[in-house]
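All chains, please: the whole structure from these sequences, using the hints.
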Amino acid sequence: MKIKLLTLACFLLTGSLVKAQTYKWETGTSGGYTYKYVTNDPSSTRFYTLKNGLTVILSPNNKEPNVQFRMSVRAGSNTDPKNATGLAHYLEHLLFKGTDKFGTADWAKEKPYLDKIDALYEKYNKTTDAAQRKEIYKEIDKTSGEASNYSIANEYDKMMSGIGGNSSNAHTWYEETVYNEDFPSNAVDKFLAIQGERFRKPIFRIFHTELEAVYEEKNRGLDSDPNKLDEAMMELLFPVHNYGQQTTIGTIEHLKNPSLVEIRNYYNNYYVPNNMAAVFTGDFNPDEMIKKVDKTFSYMVAKPVTLYNPAPEKPLTKIQKVEVNGPSAEMVEIYYRGYAENTPNSTMLNLIKSILFNGKAGLIDINLNKQQKTQRSSASYQQMKDYGVFNLSAQPRQGQSLEQASKLLLEQVDLLKAGKFDDELLKAIVANLKLSFLQAFDSNNNRAENLSNEFILNRGTKWDKSLSEINDASKITKAQVVAFANTFFKDNYVIGFKHKGEDKNTIKVEKPTITPINANGNLASTFVKSILEAPVKPMEPKFLDYKKDIVMGKVGIAEVLTTKNSDNSIFRMSYRFNHGANNYKLLPYAASYLPFLSTDKYSAEDISKAFYNIACTYSLNVGTETTTINISGLQENFDKAVSLVEHIFANVKPNEKALADLKNTILKSRENNKLNKGQIMVGLTSYAQYGSLNPYNNVLSNDDVKNMKAEDLIYLLKNLSNYEHVITYYGPKDVNAFTADIKKEHALAKEFTPAAPAKVYTYTVQDSNRVYFANYDMVQSEIRWLRNTGLYNKTDRPNIEVFNNYFGGGMGSIVFQTIRESKALAYSTYATYQSPDKADKQYSMIAYVGSQADKMTDAVNGMNELLNVLPQSDKSFDGAKANVLTYLESNRVTKDGIFSYYFADKKLGYDYDSRVDLYKGLKPITFDNIKGFHDQKVANKPYSYLIVASDKKVKLEDMQKFGNVTTLTLEQIFGY
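When you line the sequence shown up against my numbering, it's residues -1 to 974, in that order.
One should not assume that every hint holds.
Claimed, not checked - Listed next, the in silico EDC-like pairs over lysine to aspartate or glutamate satisfying Cα-Cα at most 16 Å (straight line):
#1 Lys675 with Asp949
#2 Lys371 with Glu743
#3 Lys904 with Asp915
#4 Lys546 with Asp949
#5 Lys950 with Asp501
#6 Lys109 with Asp98
#7 Lys535 with Asp187
#8 Lys583 with Asp710
#9 Lys109 with Glu144
#10 Lys371 with Glu339
#11 Lys552 with Asp739
#12 Lys316 with Asp98
#13 Lys959 with Asp794
#14 Lys61 with Asp894
#15 Lys731 with Asp547
#16 Lys661 with Asp701
#17 Lys540 with Glu887
#18 Lys929 with Asp794
#19 Lys34 with Glu24
#20 Lys638 with Glu743
#21 Lys921 with Glu401
#22 Lys905 with Glu623
#23 Lys873 with Asp933
#24 Lys836 with Glu887
#25 Lys921 with Asp894
#26 Lys792 with Asp949
#27 Lys950 with Glu500
#28 Lys136 with Asp116
Unchecked claim - Each pair of labels, with its calculated beta carbon distance range:
#29 Glu722 with Asp565: 56 to 64 Å
#30 Asn619 with Met550: 43 to 51 Å
#31 Val303 with Thr504: 35 to 43 Å
#32 Leu746 with Ser434: 29 to 37 Å
#33 Lys904 with Lys49: 30 to 38 Å
#34 Lys535 with Pro834: 54 to 62 Å
#35 Lys49 with Asn791: 54 to 62 Å
#36 Ala745 with Thr504: 53 to 61 Å
#37 Pro308 with Asn490: 52 to 60 Å
Since the hints were derived computationally from the structure, they do not count as laboratory data.
Bear in mind the structure is a predicted one, so any value in this text is a computation, not a measurement.
Each residue gets a CB set at the ideal place from its N, CA and C atoms; glycine is no exception.
Laid out in structure tokens, this is it:
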């Protein structure tokens, strides 16, 4: 590669993209409110502080009629009491349970039972005698059942669903608890009424079943080897700070002894306006929004907050080692303790992370991943408020030890310290960071996440510094990087080895005896009725018109589809082929081979660096039925990027060593897949859906992999453009300009080569209940139901959309309410009637429960009851239907997402936006329609039960109650 050309490209890029901006705090006044803002902020964000101390952050963006919301609280596991870890996380769960106005059918009658439950838990916590504790818990269980006669489960979720919300969730971490929502912009008043009430006076009802859900969440963590390794390493990295001394979920001992009194004290201490921020990004007028937000939360009263303020950590002066055993693949992690947020040192570590690893041209990318010296390697930097964690990570290759893999990682650090990296890499990193930064502001969700994080880290007071961090990074010299690296990277790290083996220390949170509570799904509080019945300004849906939204053209024999990017100078294009792994088994392996190959002019390393230096990317992606070559970046570098891609596919050369290493990588990946319970479940599902020969296991055998020939893979790559394909382009140019440009670069034959026939798989028929079992060393059991239900039918879609939303599609669904809320049988559960992506494929009914192994039978019985008899809740149905309609009315398909909808509709037999028919079909749907659909397609039918669990924790005789049991070997599941 000619370095001068790359340097010039980098100069052009940095000159146009990374022009230095001045970011300075200013004060503005509008609509009667004063706010702060940062000059040249691409997100136009305003920072308000209300009279009661509540921070309100508003970032308007009217491209779509939706709003993202975060309620961010600067309190998390760091501020848990030492004798009650996990408390902040408990509280997060309870903020979905309602107040004295919603979540209850009769607060006056419910309250005495809740008071009694509070007192019982305090007595329970002070009692040490096991027999006495058991009796107290029986009383808690009994009283909880009595209280549930007056509570109404999931009213919060029903309200959010009813106004069009689709992302109700929350998370707790070290120094934060964040509640996130989205909603249509015509529902601002309803949304604020809900949130204002939610935080006014939360009532901690339906607690003991939610407690069980947290137990399940803890057990899922105990089944996660990476989670166990991280906790052990953080404990050594932070021997003083709660980053290492307390976990978010808490200890098992503390989980078993919760105190509602302590949880309420936590809420009163930390959920105060001067410790919270309401973040809104999206379609709104900020002058109008701030008035409404102020009115909504004016009841909040500020009070002094004592935040976590630990003693400083002493410098680490030695290497510390952690070893963890478990069933998943081996890996090594190396943690260095970083610095406080928004400091020059943290800016430096972010830059160094990209020097080591950026996915294309970092030292780890080029020297380890490109050379296939490890199975996979990476670097990352995680920033918290007080410190950060700089992480090096690797999975060993076949026959490679964890020590050898770690040595390779540390060698890259030595190269960094010696300054042995390209001088131009720093400029390219800054350019790519700037490009990513600008792209991030296209998304309301990304804006909300970034602004929420700013509040957690520094109350948003350093937004100017965050915006200028890339400019600051651009001033850092190579000499400064090298000097810093030699000071920072010493024998001061924690190294963690994750071995494959039995973890003899594994324990679990034992299940208490819980009597199912009454969910009262048919009831609705007066508050909820008032919210759902309040009128909103109608919002008309905007569907696509493919003949207008896509401008079509032609380049030779290839069809061209374009849509204009009027926002910035970014382009994304693709060559889309209608064949894939089902046509050519070797094609996925050819795609894996490509990144390691040189051409007659450029080495593989030069190619990676060239793309990174011009802030462009390309990839070859092979699916079962479709293959795409994707290219993206700045329009000014379009010619360079496309020309280089065309050169690669025309001139790629075989590399026998790279192929030998790739074979080793593939075989090791296959070993690792067999250690991954998620991959095992995917394989079980494919086996149940298609039989012993299925898309998941119909792959090359290990011997076939070993015998792959370079010339066969190269042939597929060089001849790819000879097969029929469509060219898509989203960018600043119109169709005529684009076709003129691409015609110069993309050579086409006079006619396309016909693709080989695709392998067609036969769907299984579930004529009797069957169990497919895979043994895996784990605390929990994971159960999935599957039934193939027939070919695609356009007329079923409205019923399916409402049924999925009502039955198993979220926290307000029948499945979630029953399995988790009422019966406390699982942390994670769902059910969906899965639609095919082509008209000649079948639907499938899928259900899932992840439960403790000793609750598996109860969980299966609970799900079977729902599959056979659809409970009726008129309020839930109305909310589910309204949610589907509101989503269609407020959702806008833009940019190159238009192509995705176009191709998806085409595969199903539509030449227009299929949502037009869906919207019309939704209006007349009643509960009787989805009940009839459930009776016809779902109820009282045979199913395949797919179970991944430890044969030491589940019994064969229990599984035989579900159906005839077949224990599958890993070779049967994976095909190798």
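To see whether the hints hold, each was checked on the structure:
1. Straight-line distance between C-alpha atoms of Lys675 and Asp949 comes to about 14 Å, which keeps the hinted pair within the 16 Å bound.
2. This hinted pair does not check out: Lys371 and Glu743 have alpha carbons roughly 35 Å apart, beyond 16 Å.
3. At most 16 Å may separate the alpha-carbon atoms for a hinted pair to count; Lys904 and Asp915 meet this at roughly 14 Å.
4. Among the hinted pairs, Lys546 with Asp949 is inconsistent with the structure: their alpha-carbon atoms are about 58 Å apart, more than 16 Å.
5. A threshold of 16 Å between alpha carbons decides the hint, and for Lys950 with Asp501 the separation of about 14 Å falls inside it, so the pair holds.
6. Distance restraint check for Lys109 and Asp98: the Cα-Cα separation of roughly 9 Å lies within the 16 Å cut-off, and the hinted pair is therefore satisfied.
7. Between Lys535 and Asp187 the CA atoms are separated by roughly 11 Å; this keeps the pair inside 16 Å, and the hint holds.
8. With a C-alpha separation of about 11 Å, the suggested pair Lys583 and Asp710 falls inside the 16 Å cut-off, and the hint holds.
9. A hinted pair counts as satisfied when its Cα atoms are at most 16 Å apart, and Lys109 with Glu144 qualifies at roughly 11 Å.
10. Among the hinted pairs, Lys371 with Glu339 is inconsistent with the structure: their alpha-carbon atoms are about 34 Å apart, more than 16 Å.
11. Between Lys552 and Asp739, the direct Cα distance comes to roughly 12 Å. Compliance with the 16 Å bound is thereby established for this hinted pair.
12. Between Lys316 and Asp98 the alpha-carbon distance is near 55 Å, which puts this suggested pair outside the 16 Å criterion.
13. For the hint linking Lys959 to Asp794, the alpha-carbon distance of about 33 Å lies beyond 16 Å, and the restraint is violated.
14. A threshold of 16 Å between alpha carbons decides the hint, and for Lys61 with Asp894 the separation of about 15 Å falls inside it, so the pair holds.
15. Of the supplied pair hints, the one linking Lys731 and Asp547 holds, its CA atoms being roughly 15 Å apart against a limit of 16 Å.
16. As the CA atoms of Lys661 and Asp701 are separated by approximately 10 Å, the hinted pair is consistent with the 16 Å bound.
17. Between Lys540 and Glu887, the direct Cα distance comes to roughly 7 Å. Compliance with the 16 Å bound is thereby established for this hinted pair.
18. A threshold of 16 Å between alpha carbons decides the hint, and for Lys929 with Asp794 the separation of about 13 Å falls inside it, so the pair holds.
19. In summary, the hint linking Lys34 to Glu24 is supported, as the alpha carbons are separated by about 6 Å, within the 16 Å threshold.
20. Of the supplied pair hints, the one linking Lys638 and Glu743 holds, its CA atoms being roughly 10 Å apart against a limit of 16 Å.
21. This hinted pair does not check out: Lys921 and Glu401 have alpha carbons roughly 63 Å apart, beyond 16 Å.
22. Between Lys905 and Glu623 the CA atoms are separated by roughly 11 Å; this keeps the pair inside 16 Å, and the hint holds.
23. Distance hint between Lys873 and Asp933 is unfulfilled; the C-alpha atoms sit about 21 Å from each other, more than 16 Å.
24. Of the pairs offered as hints, the one joining Lys836 and Glu887 is violated, with about 25 Å between alpha carbons and a cut-off of 16 Å exceeded.
25. Straight-line distance between C-alpha atoms of Lys921 and Asp894 comes to about 29 Å, which puts the hinted pair past the 16 Å bound.
26. Under the criterion of a C-alpha separation no larger than 16 Å, the hint pairing Lys792 with Asp949 is inconsistent with the structure, at around 43 Å.
27. Restraint check for Lys950 and Glu500: the C-alpha separation of about 13 Å stays at or below 16 Å, so the hint holds.
28. Taking the CA atoms of Lys136 and Asp116, the gap is near 14 Å; set against the 16 Å cutoff, the hint holds.
29. Checking the proposed 56 to 64 Å range against Glu722 and Asp565 shows it is violated: the Cβ atoms sit about 32 Å from each other.
30. Range check, Asn619 to Met550: about 23 Å between beta-carbon atoms, so the 43 to 51 Å window is missed.
31. Checking the proposed 35 to 43 Å range against Val303 and Thr504 shows it holds: the Cβ atoms sit about 38 Å from each other.
32. Remark: the range hint 29 to 37 Å for Leu746 to Ser434 is upheld by a beta-carbon distance near 33 Å.
33. For the pair Lys904 and Lys49, the beta carbons lie near 56 Å from each other, so the given range of 30 to 38 Å is not met.
34. Checking the proposed 54 to 62 Å range against Lys535 and Pro834 shows it is violated: the Cβ atoms sit about 37 Å from each other.
35. At about 58 Å, the beta-carbon gap between Lys49 and Asn791 stays in the expected band of 54 to 62 Å.
36. A hinted range of 53 to 61 Å for the beta carbons of Ala745 and Thr504 is consistent with their spacing of about 59 Å.
37. One distance hint, 52 to 60 Å for the beta-carbon pair Pro308 and Asn490, is violated here, with the actual separation near 19 Å.
This entry does not satisfy hints 2, 4, 10, 12, 13, 21, 23, 24, 25, 26, 29, 30, 33, 34 and 37, going by the numbered hints stated previously.
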